[in-house]
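For the protein sequence lines, the chains are A and B, in the order given. Residue numbers for the first sequence follow my numbering, so the first one is 1 and each next one is one higher. Residue numbers for the second sequence follow my numbering, so the first one is 1001 and each next one is one higher.
It is worth saying that the hints were derived from the structure and are not from the lab. Careful: at least some of the hints might be erroneous.
As the list claims (entries may be wrong) - With a straight-line cut-off of 35 Å between C-alpha atoms, the simulated DSBU-like cross-links for lysine-lysine are: (1) B:K1014 to B:K1026; (2) A:K223 to B:K1013; (3) A:K223 to B:K1014; (4) A:K163 to A:K125; (5) B:K1013 to B:K1238; (6) A:K125 to A:K223; (7) A:K223 to B:K1113; (8) B:K1249 to B:K1238; (9) B:K1013 to A:K125; (10) A:K223 to B:K1249; (11) B:K1249 to B:K1014; (12) B:K1113 to B:K1026; (13) B:K1014 to A:K125; (14) A:K125 to A:K316; (15) B:K1014 to B:K1238; (16) A:K316 to A:K223.
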Amino acid sequence: MKKQRNIWIVSLLLLLVVLVAMVLCTGVGVVHFDRDSLLHSPIFWDLRLPRIILSVLVGAVLSVCGGVYQSVFRNPLTDPYVLGISSGASLGAAIAILLGWESYLWGVGGMALCTALLTILLIFKISSLGNRMHTTTLLLTGVCLTFLITAVISLLMALRQDKMESIIFWTMGSFASASWFDVWILIPVAVVGIFVVLYYRKDLNLLLAGSETAQSLGVEVEKVRRRLLFFTTLMVAFAVSTCGVIGFVGLVVPHCVRLVCGSDNRRIIPYSIFVGALFLLLCDTMARTLIPPNELPVGSITSLIGAPMFIYLLYKSKRKI
Amino acid sequence: MIEVRNLTYSYGKKEILHNISFTVAKGAFVAIMGSNGCGKTTLLRCISRLLTPQSGQVLIGDTPASDYSVRQLAQQIAMVQQHPHTDIEFSAFETVLMGRNPYQRHLQNESQKDWDIVEQCMRQTNTWHLRLSLPSQMSGGELQRVMIARALAQQTPILLLDEPTSNLDIAHQFEIMELLRDINQHEHKTILIVVHDLNLALRYCPDALLLHNHGLLFQGHTDEALNSERIATVFGVKASIQDGYIRFK
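So here's chain B without its partners, still in its complex pose:
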């Protein structure tokens, strides 16, 4: 579904990602992990073409991402940003309705179908009761669910999320991750998610990409990826794994 070939990206002279290649199969649920500043967010942004890599290629399906128009790409990839703007006065419903933009023409109004899809996505993410709320009236968890609803309304086969659970308490972290697992299992969407909490990744994401030193250290099953040796290499922390749970020493 997603193939990254020899991707290199640098901000000015500083190289963030160096020669990264991997393939993500359709319907995979992949956690992207690594220490701060190792290029996780940059990788997501390169895949979604918010950034253009200096060299290398990203293929969506079998087509290079650069061959898609912006609108076509928005029908393939939906992205949930790390920090949604909260200073604008759009209600949750209007926000989710924006997710239908890739399917609308300029002077065209929303169709009944758009409205139905928005309602369905909001019910799925348990945000329908918030439809008239403004961002300033919602909690962090609620706002994050609205953003996920907007991404769902885009009806894309691929969903990218950049630390959707940061700033949330543990109950809301579980809630978001369970929602994503649900979407992955029932709608077979391919999901790439940047996660900081290793235990959260271990618990919910079957597959993992481990980034280290601007390169790809490991790709495979999450329980194989997170052994004490790799955790020590990547994060410089001693840890042991017991019963599918990482204990830090």
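One chain only, chain A, in its complex shape:
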């Protein structure tokens, strides 16, 4: 019981850190303001603030999803990007743009959701042999699907060169065009999705112990797994539909949390929300301030941190694969 109270205290502290970081990051940028003019500037209200809120939301969402995938697939190397689900979502987004659905509220997100769900279904079909999911097959499936989807997107771009720029945006990942519209779309999805994941956080631990063990301990494995995968994919799809594909966040964050506080998902999931938010906020702030007046793609910064980590994890689990 004491443990549970600690989770609340640490979560609140982390939330506080995220809020402070958000406030500090609003002051950083290519255009400098003093405090008074900042609050009256449209740059602050219409560009920086939505961008910062969006990066925080996307960071939280991707990290939580990474944590869930790692437990559901019983594999520390998975995250939405590695599994190809983010790419799957970007294909849907690209199709929606080509069809001219950008102005509809759920147009791009909805289409991204459809293709992302299709991707995860394919991953399941291809990589599950009997009851077990083989690490190698799972990762290779993700990589191959990413290749395939990238190819399809390139084809779409070649066909419709006038839309090329906005499609490239989805495959690279950036918060440069973040708007309040994106924030308002993502907030309800993130709130519902994260609540569902938190609701099942205890079951995640049991799933980690193996699906048969989970069932004999009273978890309705198939139902729980389906729900978790649906809601996480929903979150990934909408995150991707607002900012494109940003890799490795879901891999780095839950893993760092796990290093500090152990395997218990009742801690990993809530902490990942805040650590993920902080991580992506800092990455994006770096992306927009490191080489002014130009911008780095935030995806390349997360990959610079994430890819070596992925290799390290792969190296560490070499014996098991």
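Position chain B relative to chain A; hints supplied.
Only chain B this time, still in chain A's reference frame:
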């Protein structure tokens, strides 16, 4: 307590269990024996509903197992698997605490009662001193005892074990079997256990189910079940029984 009626299970076209029926009384300690691949594990998994049989029925108490929800069934049957996953980083205490899951609601935390039960089960299986150890730090025998502690924490009237003594040396085999006998005698749990070592079964389990050719060959007392004729039929080995001990020739 457990009634199996005309149970048939096949993996694809391959029939593993054919038309098996038997009843296990409350408080029985039953060894399930048979040659490799004769369906012992499949039988346990059908009873615990990890597998759904193509035809036939399993009754727990007087209710068909299929009528229980997964959670209710986990309050009736606890299962110790043959190969527990050892690659996850949960301490022994956290592992045993998972056994309380069938009694907890989703957003509910463990109560003091849960903690007490876990401590009691770990003391009973002599694993309390290991409570902070990770699976990778424990020996095979210790890990098996932790798994049994988790099954006990489920507080079920029925305990199913799939070869809990495989991979253990003889001293640890005795230790596990004595622990189970204790649980059976003092807590009157109904125990079904898959055993390979016939002498171990003869020594500890009063009752036996002998499977052969995908069917049930014999059900009854273990010393009656294991005569030289049946051992020859089931395992194709010549053996004689002397002073409650099986000698293989």
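Taking only the CA atoms, is the gap from B:K1013 to B:K1238 under or equal to 35 Å?
-> Cα-Cα ~33 Å, so holds.
Within 35 Å, alpha carbon to alpha carbon, are B:K1013 and A:K125?
-> 22 Å, holds
Could you grab the alpha-carbon distance between A:K125 and A:K223 and see if it respects the 35 Å cut-off?
-> Holds, because 17 Å separates the two Cα atoms, which is no more than 35 Å.
Within a Cα-Cα threshold of 35 Å, do A:K125 and A:K316 meet the stated pairing?
-> 27 Å, holds
Pairwise hint evaluation, B:K1013 against A:K223, where the allowed Cα distance is 35 Å at most = Holds, because 28 Å separates the two Cα atoms, which is no more than 35 Å.
Straight-line Cα separation of A:K163 and A:K125 no greater than 35 Å?
-> 33 Å, holds
Is it true that the CA of B:K1014 sits at most 35 Å from the CA of B:K1238?
-> Judged against 35 Å, a Cα distance of about 29 Å means the pair holds.
Keeping to a limit of 35 Å between CA atoms, is the pair of A:K223 and B:K1014 held or broken?
-> The given pair, whose Cα atoms are some 28 Å apart, holds under the 35 Å limit.
Decide if the proposed pair is consistent with the structure: A:K223 and B:K1249, CA atoms, cutoff 35 Å inclusive.
-> Violated, at about 53 Å.
For the pair supplied as a hint, B:K1249 and B:K1238, confirm whether the alpha-carbon distance does not exceed 35 Å.
-> 6 Å, holds
Given the proposed pairing of A:K223 with B:K1113, does the C-alpha separation stay at or below 35 Å?
-> The given pair, whose Cα atoms are some 29 Å apart, holds under the 35 Å limit.
Quick one, are B:K1014 and A:K125 close enough, alpha carbons at most 35 Å?
-> Holds - the C-alpha atoms of A:K125 and B:K1014 are around 23 Å apart, at most 35 Å.
Hint 10 from the earlier list is the only one contradicted by this structure; the remaining hints agree with it.
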